[in-house]
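If you read the protein sequences in the order shown, they are chains F and V. If you count the first sequence from 1, you need to add 5 to reach the working numbering. If you count the second sequence from 1, you need to add 90 to reach the working numbering.
Do not rely on the hints blindly, as some may be mistaken.
To be verified - So the derived list for chain F, only partly shown, Cβ under 8 Å to chain V, looks like this:
{"no.": "1", "residue": "Ile18"}
{"no.": "2", "residue": "Leu24"}
{"no.": "3", "residue": "Ala25"}
{"no.": "4", "residue": "Asp29"}
{"no.": "5", "residue": "Gly30"}
{"no.": "6", "residue": "Ala31"}
{"no.": "7", "residue": "Ser37"}
{"no.": "8", "residue": "Val39"}
{"no.": "9", "residue": "Pro42"}
{"no.": "10", "residue": "Leu44"}
{"no.": "11", "residue": "Leu50"}
{"no.": "12", "residue": "Val53"}
{"no.": "13", "residue": "Ser63"}
These are calculated hints, taken from the structure and not from any lab test. For glycine and all other residues, C-beta sits at the position ideal for the given N, C-alpha and C.
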Amino acid sequence: MIRLASAFALVAIGVVLTLAVRTDGATATLYSFVGIPALAVGVLLYVVARWRAGAFRSNGTGRP
Amino acid sequence: MRARPGRHWKGDRLTPLGPLFTPPGSQGLPWLNILLILLAVPAAIILLWALLRGRVPQPLRLVGVLLSLGAYGFGALLVVEDSKHVTFCGSCHVMTPILESLKDNESLASIHFLSGRVPHDEACYICHSGYGIWGGVSAKRAGVMHMLHAINGNYDLPLKLNGRFDINSCLNCHAQAERFRAVEAHRPPDVQEALMSGEMSCAGLCHPAAHPESALGGGTPAS
């Protein structure tokens with residue numbers, strides 16, 4: 006799942022790098038309708054992967 | 091370096107080369123683009139590592155996420171800022187003839203453009219964004235809709251203004267001008283009321299059309 010999340014985020018980063026090199030209607034459209042959804046999916050998959058790995062569970066060592 | 095004649099903006103008779111002819115602030119480094127690249131490249135390296143190895147060292151996990159989100163934050167700023175530029179608007183094929191028609195000195199837009207009454211690099215945005223902060227917000231919302239229409243091809247030619255033109259964009263400059271106030275035709279209360287309510291428009295009736303019909307139809311302006 007981490008690999009899938011990275012793949013989505015890499016697509017998003019590729020889009021934003023294209024935007025940085027050339028900002029026009031086409032790259033702005035890619036940024037808005039491909040890049041942002043790809044990054045959102047990537048971050049969501051990463052959070053789910055970390056949650057499944059137990060990253061957000063309390064292990065009982067927290068201070069009272 | 092000699093200016094090369096041609097149809098492009100740089101180096102032709104409309105934009106001769108040299109610092110005297112460039113707007114203030116346009117000669118520095120494009121810091122927004124540079125910062126975006128400085129965030130995006132390390133993020134790409136970390137993500138590539140994660141893709142190949144299937145895991146990332148603990149300290150780099152949060153860094154990778156934050157760099158990616160930061161790059162997108164700067165990307166949003168870049169789009170908001172650069173979408174004000176005339177070249178940005180003209181990069182979509184339906185707008186290119188309108189941009190070209192700004193050189194013909196016949197339409198209301200080109201008269202303003204060629205006389206320097208609107209900044210050359212933000213001419214579209216200055217007139218079409220409306221007045222005040224909400225004018226800018228509605229312009230950005232309209233821009234997103236333009237992108238959607240361009241993607242699905244859901245638009246008709248000739249292009250028409252969606253809604254009525256915000257006359258405050260004109261009055262922002264003209265209302266205080268002595269020459270504008272001296273015109274008899276601007277003084278009757280019923281004319282003023284009709285203009286303010288949007289029943290009547292400045293362009294097309296008393297003044298030339300905002301853009302040539304041929305350009306709005308997707309073609310080149312009549313020569």
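Cross-check of the supplied hints:
1. Ile18: 5 Å, holds
2. Leu24: Since chain V brings a Cβ to about 6 Å from Leu24 of chain F, closer than 8 Å, the hint holds.
3. Ala25: Status holds, d = 4 Å.
4. Asp29: 4 Å, holds
5. Gly30: Cβ of Gly30 of chain F sits 4 Å from chain V, so the hint holds.
6. Ala31: At 7 Å from the nearest chain V Cβ, Ala31 of chain F passes the 8 Å test, so the hint holds.
7. Ser37: 6 Å, holds
8. Val39: 10 Å, violated
9. Pro42: 11 Å, violated
10. Leu44: 6 Å, holds
11. Leu50: 11 Å, violated
12. Val53: 13 Å, violated
13. Ser63: At 19 Å from the nearest chain V Cβ, Ser63 of chain F fails the 8 Å test, so the hint is violated.
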